[in-house]
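Hey, can you work out the whole structure from these sequences and the hints?
Protein sequence lines, in the order shown, are assigned to chains R and U.
Position 38, counted from 1, in the first sequence is what UniProt numbering calls 38; the numbers after and before it change by one each time, with no gaps.
Position 319, counted from 1, in the second sequence is what UniProt numbering calls 319; the numbers after and before it change by one each time, with no gaps.
One or more of the hints may lead you astray.
Derived BS3-like pairs: lysine-lysine, alpha-carbon spacing no greater than 30 Å straight-line [unchecked claim]:
no.: 1; chain 1: R; residue 1: LYS149; chain 2: U; residue 2: LYS204
no.: 2; chain 1: R; residue 1: LYS149; chain 2: U; residue 2: LYS200
no.: 3; chain 1: U; residue 1: LYS180; chain 2: U; residue 2: LYS200
Here are a few chain R residues that sit away from chain U, every Cβ distance over 10 Å (derived from the structure) [as the list claims (entries may be wrong)]:
no.: 4; residue: LEU41
no.: 5; residue: VAL92
no.: 6; residue: ILE95
Simulated restraints, written as ranges between beta carbons of each label pair [unchecked claim]:
no.: 7; chain 1: R; residue 1: VAL134; chain 2: U; residue 2: ASP318; range: 45 to 51 Å
no.: 8; chain 1: U; residue 1: MET30; chain 2: R; residue 2: ASN316; range: 32 to 38 Å
no.: 9; chain 1: R; residue 1: ALA191; chain 2: U; residue 2: GLN227; range: 50 to 56 Å
Treat the hints as calculated values from the structure; they're not laboratory data.
Values in this document were obtained by computation on a predicted structure and should not be read as measured data.
Even glycine gets a Cβ: it sits at the ideal position worked out from N, Cα and C.
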Amino acid sequence: MNSVGAKPTPDLNAIGQAGSGRGTQSWAFLALLAALVLVPLITTEYVTQVVVLPVLVLGLAGLGLNILTGYAGQISLGSGGFMAVGAYAAYVLAIHGGITFFPLTLLLAGVIAGLVGWVFGLPSIRIKGFYVMVTSLAAQFFFEWLFLKFPWFYNYGDVPTISLPPMGLFGLDINGSYVIKYYFTLAFVVALTWMASNLIKSHVGRNWMAIRDMDTAAGVIGIDSKKYKALAFTISAFYLGIAGALWGFIFLGTTSVGSFQIDRSFQILFIIIIGGMSSIRGNYIGAAFIFLLPLVIDYFAKTFIGDTVSPGVLSNFQKFLFGALIIIFLIKEPDGIDKLLRQLMGRVRRWGRKRA
Amino acid sequence: MSKHFTSIAAAVAIAASSIMSTGVALADGMTQYVPLFVYRTGPYASSGSLWFAGERDYFTYINEVEGGVNGVKFAIEEFETEYNPDRAVEAYERSKGGKDGSPTAFIMTHSTPATYALMDRAREDKIPLFDPAGGPSESKNGLVFPYVFPLLLTFYGQGSVAVNFIAEEFGGFENLKGKKIVTVYHDSGYGRASQPVMTKLAEKYGFIDVQIPVAHPGSEQTAIWRQVRAEKPDYVVLRTWGVMTPVGIKTAKRFGIDTTRMLGDVWAGSRADMIPAGDAAIGYNAIAPYPGGSDFDVHAKLKEHVIDKGLSNLENSDADFGAVFYNVGVVNAALAVEGMRIAMEKFGNRPLTGEEMLWGLENMTIDAARLEELGMTGLLQELKVTPQDHEGGGAARVQEWTGNGWNLVSDWIAVDDSVVDPLIEAKAAEYAAEQGITPRVVD
Numbered sequence: 001m002n003s004v005g006a007k008p009t010p011d012l013n014a015i016g017q018a019g020s021g022r023g024t025q026s027w028a029f030l031a032l033l034a035a036l037v038l039v040p041l042i043t044t045e046y047v048t049q050v051v052v053l054p055v056l057v058l059g060l061a062g063l064g065l066n067i068l069t070g071y072a073g074q075i076s077l078g079s080g081g082f083m084a085v086g087a088y089a090a091y092v093l094a095i096h097g098g099i100t101f102f103p104l105t106l107l108l109a110g111v112i113a114g115l116v117g118w119v120f121g122l123p124s125i126r127i128k129g130f131y132v133m134v135t136s137l138a139a140q141f142f143f144e145w146l147f148l149k150f151p152w153f154y155n156y157g158d159v160p161t162i163s164l165p166p167m168g169l170f171g172l173d174i175n176g177s178y179v180i181k182y183y184f185t186l187a188f189v190v191a192l193t194w195m196a197s198n199l200i201k202s203h204v205g206r207n208w209m210a211i212r213d214m215d216t217a218a219g220v221i222g223i224d225s226k227k228y229k230a231l232a233f234t235i236s237a238f239y240l241g242i243a244g245a246l247w248g249f250i251f252l253g254t255t256s257v258g259s260f261q262i263d264r265s266f267q268i269l270f271i272i273i274i275g276g277m278s279s280i281r282g283n284y285i286g287a288a289f290i291f292l293l294p295l296v297i298d299y300f301a302k303t304f305i306g307d308t309v310s311p312g313v314l315s316n317f318q319k320f321l322f323g324a325l326i327i328i329f330l331i332k333e334p335d336g337i338d339k340l341l342r343q344l345m346g347r348v349r350r351w352g353r354k355r356a
Numbered sequence: 001m002s003k004h005f006t007s008i009a010a011a012v013a014i015a016a017s018s019i020m021s022t023g024v025a026l027a028d029g030m031t032q033y034v035p036l037f038v039y040r041t042g043p044y045a046s047s048g049s050l051w052f053a054g055e056r057d058y059f060t061y062i063n064e065v066e067g068g069v070n071g072v073k074f075a076i077e078e079f080e081t082e083y084n085p086d087r088a089v090e091a092y093e094r095s096k097g098g099k100d101g102s103p104t105a106f107i108m109t110h111s112t113p114a115t116y117a118l119m120d121r122a123r124e125d126k127i128p129l130f131d132p133a134g135g136p137s138e139s140k141n142g143l144v145f146p147y148v149f150p151l152l153l154t155f156y157g158q159g160s161v162a163v164n165f166i167a168e169e170f171g172g173f174e175n176l177k178g179k180k181i182v183t184v185y186h187d188s189g190y191g192r193a194s195q196p197v198m199t200k201l202a203e204k205y206g207f208i209d210v211q212i213p214v215a216h217p218g219s220e221q222t223a224i225w226r227q228v229r230a231e232k233p234d235y236v237v238l239r240t241w242g243v244m245t246p247v248g249i250k251t252a253k254r255f256g257i258d259t260t261r262m263l264g265d266v267w268a269g270s271r272a273d274m275i276p277a278g279d280a281a282i283g284y285n286a287i288a289p290y291p292g293g294s295d296f297d298v299h300a301k302l303k304e305h306v307i308d309k310g311l312s313n314l315e316n317s318d319a320d321f322g323a324v325f326y327n328v329g330v331v332n333a334a335l336a337v338e339g340m341r342i343a344m345e346k347f348g349n350r351p352l353t354g355e356e357m358l359w360g361l362e363n364m365t366i367d368a369a370r371l372e373e374l375g376m377t378g379l380l381q382e383l384k385v386t387p388q389d390h391e392g393g394g395a396a397r398v399q400e401w402t403g404n405g406w407n408l409v410s411d412w413i414a415v416d417d418s419v420v421d422p423l424i425e426a427k428a429a430e431y432a433a434e435q436g437i438t439p440r441v442v443d
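As structure tokens, this is what we get:
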């Protein structure tokens with residue numbers, strides 16, 4: 001086993017569901033997409049902006065890390081750092097570069113993050129497993145330091161927080177209505193997810209999984225593991241960069257290094273552990289779980305116990321619960337909630353067939 | 001942990017009664033919903049929990065003894081943020097619409113990063129953000145930042161007060177010439193926030209301004225103080241936060257720096273910072289827009305009606321009643337109450353909206369007589385807030401640590417507005433240009 005994130009056997013289920021499940025799958029997907037499109041119309045501003053939108057963005061970040069960890073087998077704790085690169089790149093492009101057409105800013109920010117990811121992926125050619133993780137950790141701390149140290153990155157403000165100037169989107173102001181923000185994010189997330197899913201089904205994805213499952217064997221059958229590892233770092237950072245810019249400017253509005261610290265990296269890692277390694281859907285399931293569980297606990301505590309429990313106690317309780325869940329998932333179901341759901345669906349289908 | 005389990009148990013035990021009592025309070029439709037963004041866990045919890053206790057105790061006092069503000073009682077709801085602006089955004093979105101029909105009139109952010117994160121949203125939603133002695137300095141300009149209130153003293157102002165006090169120590173501004181003032185700062189937005197003003201003042205008075213950063217969290221500072229020592233400072237200013245403060249003071253002492261010639265910033269001057277520093281902290285000074293101490297008149301009222309009746313939010317009221325951060329909370333809550341009172345004179349005695357509260361805050365005048373009525377003479381400075389000036393005060397006292405308490409060693413020292421205001425105007429204009437904001441016109 002060449003790295004911590006590796007799995008003993010390739011999970012073919014993750015490469016597009018073969019066989020009978022296919023039809024149900026695409027129906028479920030379309031239904032979900034329709035539901036997501038309807039969110040701003042049938043729910044409140046709060047649900048749209050603070051529940052669904054951040055889950056989409058964190059899910060996208062999870063997807064970025066999953067490409068690297070779940071598919072290519074390189075574990076990383078630098079997700080927060082790459083998200084920061086995306087956010088700061090978008091800001092610098094808008095402020096110093098004058099690029100205020102938001103989709104372009106976002107894509108370029110992603111490309112910059114991707115290049116940075118490529119650079120920080122270079123050590124993975126020589127070193128493996130645990131040590132790769134340490135270089136990603138170095139990336140994390142390097143960017144936290146970099147964006148604080150040089151005032152150019154926050155336009156010489158007194159305080160190193162950044163918020164975008166008015167950004168265009170075919171005549172719409174991206175900082176304006178939450179509905180615009182939501183649909184913009186949804187469109188980006190769906191397009192990028194679709195791209196990732198195709199990439200993983202292609203020879204690139206298969207090569208990544210081969211490297212993940214056994215580096216040496218992949219080399220023997222002629223896979224250029226240097227190239228594909230570097231590619232995995234690049235694409236992963238591209239996704240994380242875009243997710244970082246969306247998180248910073250679409251969800252938060254104003255951001256700073258504080259939003260992309262090491263705990264963010266852990267959060268993204270937990271998303272893929274709980275949601276499911278080597279799974280596209282798992283990222284969004286994991287993001288929903290990680291982001292919404294504290295809200296749900298808080299809501300229930302306030303509804304049923306009242307304001308008498310100090311929120312500090314609740315907050316500690318959440319940490320305790322997360323810790324326990326992560327240990328349970330790692331031991332009992334390393335493939336996360338996604339696998340559990342798949343098994344459940346399979347059982348339902350078999351049961352249905354038996355009845356018919 | 002056992003303390004937490006006990007509090008859960010206690011919470012469950014009194015849950016039923018509390019639900020009933022809030023039900024009654026809400027029934028008459030006369031409550032003002034107040035969301036408090038707190039951090040009772042995380043790295044800054046030790047300061048935070050005293051701060052929030054001060055606020056809650058003052059609100060309890062107003063609710064229980066005065067029957068609310070002109071009959072409008074407070075319904076407080078806390079949101080844990082762990083000092084994380086991302087979570088503050090979530091809490092903001094959840095609370096901005098008010099609750100049970102009662103609108104949100106103002107939000108206490110308790111954190112400069114959170115104020116930054118919420119600034120644009122609050123402008124859209126017309127909800128005043130309360131961040132006394134914090135927030136962006138340039139938000140003193142209420143024409144560009146209508147919904148941000150860095151009341152009492154901005155970060156720029158803190159730099160100016162520091163230099164004024166140091167000049168007094170040297171016997172006048174003329175003696176500052178050629179002196180070296182070293183600022184040791186938390187390497188973050190907060191720590192750097194006073195640099196522009198120090199640069200300006202160094203030009204004006206001819207002292208040498210040296211800035212030395214300390215990385216968060218700052219629990220080891222030997223290299224830093226060796227560097228400070230090499231500079232041979234005439235005075236040291238500490239702009240630190242959390243564990244960085246006591247470690248800094250102790251290490252300074254070890255390197256033979258005279259800690260009585262050290263001046264801490266507003267957030268580097270609480271009891272919790274001094275106790276761990278031990279004897280090294282004796283004679284250390286700190287800027288205090290919120291002095292510590294429990295001898296002010298308002299404390300007598302709080303003691304009688306809140307602490308002694310067991311209604312206090314403090315976990316250890318013997319030790320922490322009157323602590324600097326507790327007083328921060330008391331003052332913040334009192335400012336909110338005053339703002340509401342003034343707004344009610346115009347809009348009537350009912351729960352207020354954010355826009356109405358804005359009017360109240362922008363017309364808030366607290367003079368010596370009012371301070372006396374509030375029992376806050378000496379604890380709070382005289383304030384006059386206007387749409388142009390969201391700071392309102394611009395002064396602080398200086399307190400000296402005696403080894404077991406704070407001793408106030410100066411009266412209110414005012415900010416040098418002739419230096420600070422042009423900086424604020426420039427920054428505000430820059431922000432307005434960057435964000436495409438047209439400053440309000442107020443008659």
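Status of the hints after comparison with the structure:
{"no.": "1", "hint": "LYS149(R) to LYS204(U)", "in the structure": "27 Å, holds"}
{"no.": "2", "hint": "LYS149(R) to LYS200(U)", "in the structure": "22 Å, holds"}
{"no.": "3", "hint": "LYS180(U) to LYS200(U)", "in the structure": "15 Å, holds"}
{"no.": "4", "hint": "LEU41", "in the structure": "18 Å, holds"}
{"no.": "5", "hint": "VAL92", "in the structure": "13 Å, holds"}
{"no.": "6", "hint": "ILE95", "in the structure": "7 Å, violated"}
{"no.": "7", "hint": "VAL134(R) to ASP318(U): 45 to 51 Å", "in the structure": "48 Å, holds"}
{"no.": "8", "hint": "MET30(U) to ASN316(R): 32 to 38 Å", "in the structure": "35 Å, holds"}
{"no.": "9", "hint": "ALA191(R) to GLN227(U): 50 to 56 Å", "in the structure": "51 Å, holds"}
The structure fails hint 6 only (numbered hints given earlier).
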